[in-house]
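Since the structure of chain D is provided, determine the placement of chain X on it from the hints.
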Amino acid sequence: MLINVIKYEFKNRYKTLSLMTIIFAIFTCLLSGAWYVKNKTSFCENEAVRFFWVIFSIGCVFVLIASIVCMIFQSSAGFYKRFYRNEGYLTNTLPVSSLTLHMGKFIADLIQIAYAYGLAVIAIPVILQDIKIYSKMIDVLTIAFGQIDNATLNSVSDIKGFLIIFIVATYIQTLLMVSNIDLAITIGRNFFTKNNDLLSVVFYFVIKAVDAIPSLLLAMKQLSSDYEDVSFGFMIQNMIISVLLCAAYVVVAKILTILIHKKRLNLY
Amino acid sequence: MGEILSVSNVNIAYDKNQVYKDLNLSIGSGKIVGLLGPNGSGKTTLIKMIAGLLKYKKGSIKVDGHEIGPESKALVAYLPDGSFLNEKLKVKSLIDIYSDFFKDFDKAKAVRIIGDLGIDLNSRFKALSKGNKEKVQLGLVMSRHAKIYLLDEPIGGVDPAARDYILSTIISNYDKDSTIIISTHLIQDIENVLDEVIFVKEGEILLQRNADDLRTERNQSIDDIFREEFRC
Numbered sequence: 094m095l096i097n098v099i100k101y102e103f104k105n106r107y108k109t110l111s112l113m114t115i116i117f118a119i120f121t122c123l124l125s126g127a128w129y130v131k132n133k134t135s136f137c138e139n140e141a142v143r144f145f146w147v148i149f150s151i152g153c154v155f156v157l158i159a160s161i162v163c164m165i166f167q168s169s170a171g172f173y174k175r176f177y178r179n180e181g182y183l184t185n186t187l188p189v190s191s192l193t194l195h196m197g198k199f200i201a202d203l204i205q206i207a208y209a210y211g212l213a214v215i216a217i218p219v220i221l222q223d224i225k226i227y228s229k230m231i232d233v234l235t236i237a238f239g240q241i242d243n244a245t246l247n248s249v250s251d252i253k254g255f256l257i258i259f260i261v262a263t264y265i266q267t268l269l270m271v272s273n274i275d276l277a278i279t280i281g282r283n284f285f286t287k288n289n290d291l292l293s294v295v296f297y298f299v300i301k302a303v304d305a306i307p308s309l310l311l312a313m314k315q316l317s318s319d320y321e322d323v324s325f326g327f328m329i330q331n332m333i334i335s336v337l338l339c340a341a342y343v344v345v346a347k348i349l350t351i352l353i354h355k356k357r358l359n360l361y
Numbered sequence: 163m164g165e166i167l168s169v170s171n172v173n174i175a176y177d178k179n180q181v182y183k184d185l186n187l188s189i190g191s192g193k194i195v196g197l198l199g200p201n202g203s204g205k206t207t208l209i210k211m212i213a214g215l216l217k218y219k220k221g222s223i224k225v226d227g228h229e230i231g232p233e234s235k236a237l238v239a240y241l242p243d244g245s246f247l248n249e250k251l252k253v254k255s256l257i258d259i260y261s262d263f264f265k266d267f268d269k270a271k272a273v274r275i276i277g278d279l280g281i282d283l284n285s286r287f288k289a290l291s292k293g294n295k296e297k298v299q300l301g302l303v304m305s306r307h308a309k310i311y312l313l314d315e316p317i318g319g320v321d322p323a324a325r326d327y328i329l330s331t332i333i334s335n336y337d338k339d340s341t342i343i344i345s346t347h348l349i350q351d352i353e354n355v356l357d358e359v360i361f362v363k364e365g366e367i368l369l370q371r372n373a374d375d376l377r378t379e380r381n382q383s384i385d386d387i388f389r390e391e392f393r394c
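Sequences listed follow chains D and X, in order. Using our numbering, read the first sequence as starting at 94 and increasing by one per residue. Using our numbering, read the second sequence as starting at 163 and increasing by one per residue.
Looking at chain D on its own, in the form it has when it is part of the complex (with noise of 0.2 Å):
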């Protein structure tokens, strides 16, 4: 039954990423374009020109942001409405447990995320194929991520583990915003019968704030530190505590959910 689940939400969300494979196919296959005709041609030379082409790349790299952010809400309204809105009559009186349901969901975001990211890890390097531009996106990661000695961070090998620390960290971070929404629902559709869908976004500030109190403890012990003890192994270690907490909390999250769901359903 868990593979039927599993299609049942492929099938409600084929559209969507379809689309977003769409959009990154094109704004790969334009700007890949682009770069051909800019290093054939010394079109590029003029400053502005160049101003342009560095604004026109980052846009793109906001555009497929975009696509990834609203696939992500795309998959929360999904829930919502295959759970608790007309189509929760079906969904809730299909012969499986609350379990089996919410396994099935999960796996589906967590293949659907992972296809965004993989697609935004093909396209992002193409975009920025300028390395000027790219090694700019570096430095500005290394100073939003801490006072990091940038000498420690010249080795390939330094810029290629935090790529995938980072990568990883946003994947789970994602995960967990996901997580967090679909209980926040649970919690406002299950418990209230007035005013629920408000209830569900006050309680998704609650679950936020209550998940964010440890990553604003680490932070504060990274700001603590003495700036020249601030290694770049101990941001990475920071980054790699805060990822097995998210990971921890999906797992707090998604038991609540189908906990609330098993024992409270209540479709008014």
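Mixed in with the good hints, there may be bad ones.
As the list claims (entries may be wrong) - Below, a sample of chain D positions facing chain X; criterion: calculated Cβ distance under 10 Å:
hint, residue
1, Asn97
2, Lys100
3, Ser111
4, Leu183
5, Val189
6, Thr193
7, Phe285
8, Asp290
9, Lys314
10, Gln330
11, Lys347
12, Lys356
13, Leu358
By construction, these hints were calculated from the structure, which means they are not laboratory data. Ideal placement from N, C-alpha and C gives every residue a C-beta, glycine not left out.
Below, chain X without anything else, positioned relative to chain D:
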């Protein structure tokens, strides 16, 4: 005929409003049962509890000996009052979903019922008219060989011709050993097909009787009895 549905001491409340208090009910198999009552009497709540969509606080509901859960849901075919299918999917995909999840689903029967309506299986559900949507939903539900069919207001909000079609589809497609529970307040249209009637008022079972016995005893139609019992 044995008991197919038993409801024992069930309590349910919305917020602080008690809907059912110590509800007890037993329904045998092979019957068409009319669940009759005015709006807000608790018909839909009872049907939703049996379908597994509402958790009750206390008591027990058993379908063919199974507490409400995946086992009971495999035996119950539920038609809600309103649209419940994904509007974006094609009709054939909806048939596939039923076929994947319900072992008792007769795919050929569904294709025949929906095909008889002249509906293209490749058309999207949202492209169908309101009447055809309701007929597709009914076709899917009645293509199951379920033990209990729960039909919540199946003829509410449709024209008289569509009512006839819906009733004939129900009568000609259900298994004779199964039980149909129809909730409605349009009693005149369905009273001829009912074997048993249950009157519900403000969360209480006012009466549960064989339809013919009740008519003979009161020398009135079920519709007249209903109007008398629920006069405002």
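Okay, the hints, checked on the actual structure:
{"no.": "1", "hint": "Asn97", "in the structure": "holds, 4 Å"}
{"no.": "2", "hint": "Lys100", "in the structure": "holds, 7 Å"}
{"no.": "3", "hint": "Ser111", "in the structure": "violated, 13 Å"}
{"no.": "4", "hint": "Leu183", "in the structure": "holds, 5 Å"}
{"no.": "5", "hint": "Val189", "in the structure": "holds, 6 Å"}
{"no.": "6", "hint": "Thr193", "in the structure": "holds, 8 Å"}
{"no.": "7", "hint": "Phe285", "in the structure": "holds, 9 Å"}
{"no.": "8", "hint": "Asp290", "in the structure": "violated, 17 Å"}
{"no.": "9", "hint": "Lys314", "in the structure": "violated, 44 Å"}
{"no.": "10", "hint": "Gln330", "in the structure": "violated, 45 Å"}
{"no.": "11", "hint": "Lys347", "in the structure": "violated, 19 Å"}
{"no.": "12", "hint": "Lys356", "in the structure": "holds, 7 Å"}
{"no.": "13", "hint": "Leu358", "in the structure": "holds, 5 Å"}
Violated hints, in rising order: 3, 8, 9, 10 and 11; the structure is consistent with all others.
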